[in-house]
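There are 2 protein chains.
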Amino acid sequence: MTQPSDKALVPFVSVDNMMRLIHYVGIEDMMRDLADYIEADFKRWELFDKTPRVASHSDVGVIELMPTSDGEAYGFKYVNGHPKNTSEGLQTVTAFGLLADVYTGYPVLLTEMTILTALRTAATSAMVAKHLAPKSADTMAMIGNGAQSEFQTLAMKAIIGLKAVRLYDKDPAATEKCAQNLAGLGVDVTICKTPEEAIEGAQILTTCTADKQYATILTDNMVGSGVHINAIGGDCPGKTELAPGILNRSDVFVEYPPQTRVEGEIQQMPEDFAVTELWEVISGQKPGRTGDRQITLFDSVGFAIEDFSALRYIRDRIKGTDYFIDLDMLADPDDPRDLFGMVQRAKA
Amino acid sequence: MTQPSDKALVPFVSVDNMMRLIHYVGIEDMMRDLADYIEADFKRWELFDKTPRVASHSDVGVIELMPTSDGEAYGFKYVNGHPKNTSEGLQTVTAFGLLADVYTGYPVLLTEMTILTALRTAATSAMVAKHLAPKSADTMAMIGNGAQSEFQTLAMKAIIGLKAVRLYDKDPAATEKCAQNLAGLGVDVTICKTPEEAIEGAQILTTCTADKQYATILTDNMVGSGVHINAIGGDCPGKTELAPGILNRSDVFVEYPPQTRVEGEIQQMPEDFAVTELWEVISGQKPGRTGDRQITLFDSVGFAIEDFSALRYIRDRIKGTDYFIDLDMLADPDDPRDLFGMVQRAKA
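Line by line, the protein sequences are chains F and G. Anchor point for the first sequence: position 249 equals 249 in our numbering, and the numbering is continuous, going up by one each time. Anchor point for the second sequence: position 80 equals 1080 in our numbering, and the numbering is continuous, going up by one each time.
To be clear, the hints were calculated from the coordinates, so they are not data collected in a lab. Note that the Cβ used here is the ideal one computed from N, Cα and C, for glycine as well. Everything hinted at is true.
Mimicking DSS-like on lysine-lysine, the simulated pairs with C-alpha atoms at most 25 Å apart in a straight line are:
id	chain 1	residue 1	chain 2	residue 2
1	G	1135	G	1163
2	G	1193	G	1170
3	G	1130	G	1286
4	F	7	F	319
5	F	43	F	286
6	G	1050	G	1286
7	G	1007	F	84
8	F	50	G	1050
9	F	193	F	239
10	F	347	G	1319
11	G	1084	F	7
12	G	1347	F	319
13	G	1347	F	163
14	F	84	F	239
15	G	1163	F	347
16	G	1163	G	1130
17	F	170	F	239
18	G	1193	G	1163
19	F	286	F	135
20	F	84	F	170
21	G	1286	G	1043
Beyond 10 Å from chain F on every Cβ pair, some chain G residues (computed):
id	residue
22	1040
23	1161
24	1163
25	1164
26	1170
27	1192
28	1197
29	1219
30	1238
31	1257
32	1261
33	1277
34	1292
35	1316
36	1320
Stretches of chain F that chain G covers, calculated by requiring three or more beta carbons in the stretch to come under 8 Å of a beta carbon on chain G:
id	segment
37	46-57
38	60-67
39	77-91
40	108-118
Chain F on its own, in the form it takes in the complex:
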């Protein structure tokens, strides 16, 4: 049988290999690297092809494709969202991604992205906090202690030097799990019984709860001046975490307004509610934090360019390692017009 040429082979990073790669690089180093790749792509934001995500909705969930391109590489992520899955022992969200070469159209990387998305989400939050949080910020309230909570905490440690995290979840078992996972990783962990207790002394308030509803995780009177709010959980239509009063008192920073106005905390606000695009801050065109008493708010929903940055990083980082296998995914006949002949010759 004819062997496929190198060009027909696509490097594939399995879940197992992604976990090995994380431990090989070190999870904090990897989130620092990811933050650097994401920051670099925010700096050249304008040259990206920002296609809206393509969603297929059903009664029980959604399947989305999130493509983007910088003109040299093309990437997309497949991601589902099925809240009812948890009760059936399945993941709410699974994801994989692909990177291709724009010049040839050939895929150059296929990778799991469930774990990688958790890393890039946390790395994005911490990179944004580096630009927006008070310079002395070293304590974070982590409200919602689900799958993203440990990643958020470690990314903040790795990227802005977080020293302490104050955990709260309405389910004490989630907090216990988070505290156990963080034990010994170099962050001082405090278990709190109320959200009010969690935000005591914290300069960064991270909300990351899973309720798919309009919830009020932070009420207006809980939020004092001089903090940075990292709002992760309000990320789809009908799901928010913050009281509108907080949004009115904050300077709100977003990834991509057309998407955030539909999916983010600001879906509660009028269509012309003022926001600043993060790429403008990161590229130095607009100010980030301008004063000690300012409340900055990152209304995070997750954008395709962050996945693209993560795919670029994995493509670069696996070179020279054995944390991938080659998949024979692309037919590659010697004579492009002779696909049939290739198939027939395989019979032998």
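For chain F, the structure is supplied; the task is to place chain G on it using the hints.
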């Protein structure tokens, strides 16, 4: 290391395994089976989610995602189109596809689709010819003898009992390749020196040339009454093969008018040019061929539902075979909230 659960594994059909599967099933049986799956999906056309394809254009080509869903399964194809690739020893088109379960959002199949697309394109043509060509049709003119030509010929043999094919290509080497590939496969092959010679005595005229331009492969005076035209090559903006006069004398059948009016032969015609949707014919709601002297024309561009049918077929057909491998593509922690714990435990 924790092993992934069965649900985290996605069956993958490589190019090599696709070729093995084709020979295991038999290429003619496989095209018959594919035609049955495609026909079944045309019969339930109305329930499909018909998202337009999502294209990312560059100076040298295009990368497209073609998603669709029948409410139970969700499928998409990744396909590129880079005409300049051939001169660099690469494929103009490569493709792969994915099928997922709508209820869980979990992928259930990943497969090469370069070869599979060639099969489904030919199976679609032959299934359509079964509905539209004269009942006695047994001879086809095959104008354009590139990668699709042998598949078209064998599908017509398998599905409507084609006995003879008359080959013409402006490049005699392409015709020679096609004739050699078809030798001994049960179809009488005639090599022709002109398109006029190729269509002599043929009841089916298939055009499948690769020029990306407005070309006139068939002129108006070449096409007599009582034939079926299977127009494959006019399949993107700026690329057509037929003189407009032929379209005016034909009853034109299309897959999905919003796409065909942009990509097909009818891009040459006014926006209100009358066409019949194939699903209406196949489901018995509208007539196909109504008379002996009628010219029927299938303006084929390739639609996502045909890829979906092909993905469904491969998912069903590989069961119980070893023509796939399982990919560890989806992270599957025991506790969905404990993704971090799963990653940490992998360190051991």
